[in-house]
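**Student:** What follows is the residue order along each chain.
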Amino acid sequence: NAGVMQNPRHLVRRRGQEARLRCSPMKGHSHVYWYRQLPEEGLKFMVYLQKENIIDESGMPKERFSAEFPKEGPSILRIQQVVRGDSAAYFCASSPTGTGDNTGELFFGEGSRLTVL
Amino acid sequence: DQQVKQNSPSLSVQEGRISILNCDYTNSMFDYFLWYKKYPAEGPTFLISISSIKDKNEDGRFTVFLNKSAKHLSLHIVPSQPGDSAVYFCAASEGPGGGADGLTFGKGTHLIIQP
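Top to bottom, those sequences are chains A and B.
Here this note's numbering is used: the first residue of the first sequence is 1, the next is one more, and so on.
Here this note's numbering is used: the first residue of the second sequence is 1, the next is one more, and so on.
No lab work stands behind these hints, which were simulated from the structure alone.
Please note: incorrect hints may appear among the correct ones.
[What the hints assert, rightly or not] Straight-line C-alpha distance at most 20 Å; calculated DMTMM-like pairs for lysine to aspartate or glutamate:
#	chain 1	residue 1	chain 2	residue 2
1	A	K44	B	D24
2	B	K107	A	E40
3	B	K5	A	E40
4	B	K5	A	E41
5	A	K44	B	E42
This is chain A alone, in the form it adopts within the complex:
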């Protein structure tokens, strides 16, 4: 039973390029969350999606960032025209329902580390 799969694990981009990060949730999970961890910081909520729907994007920067979770395929976090400040670890998490299981747990992937040169 595969866990949450994220790819690529490491991504290097030059300023102005686009970054695409992919997340396949655990089997049977239809709820996906994206978090960003800046150096020396905790994880910050970005966006919460269900299949084909964005439920809450209150943590997402208004410009250059977008997320989707299509009916088929992984969830994608897209960052256009990247800047150095976008360098961070981006973690995806999934849960079977919007309310998680009885423990309130979210299941995290291993993260995608974006470096902007």
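Put chain B on the given structure of chain A with help from the hints.
**Tutor:** Here is chain B on its own, set in the frame of chain A:
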């Protein structure tokens, strides 16, 4: 404006002793609290949680205590083992699973277990 605070960036404990990690929160709407453990270059893994209707939850060597009036929770690990060395994140939400706003995380405490 940090809603979940872990004031100790690091903590060093001798193997076999008790490790106590602390966490404070400011949002009185939080009613689910979780601890995650994170090794370098890996994603966070769930450790233990507690809902606001309880003041204690125990799972093996790990116990979480919640003091709602003080808006404080703590994680006790006893006895501490070398494999417990990791960064521990406290997280909170207004409902299980993160609800619509996801989990709010503290900055983490790096626990180092000394042999």
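**Student:** Determine for every hint whether it applies to the structure shown.
**Tutor:** So, going through the hints one by one against the coordinates:
| no. | hint | in the structure |
| --- | --- | --- |
| 1 | K44(A) <-> D24(B) | holds, 17 Å |
| 2 | K107(B) <-> E40(A) | holds, 7 Å |
| 3 | K5(B) <-> E40(A) | holds, 14 Å |
| 4 | K5(B) <-> E41(A) | holds, 11 Å |
| 5 | K44(A) <-> E42(B) | holds, 16 Å |
The structure is consistent with each of the numbered hints, conforming to all of them.
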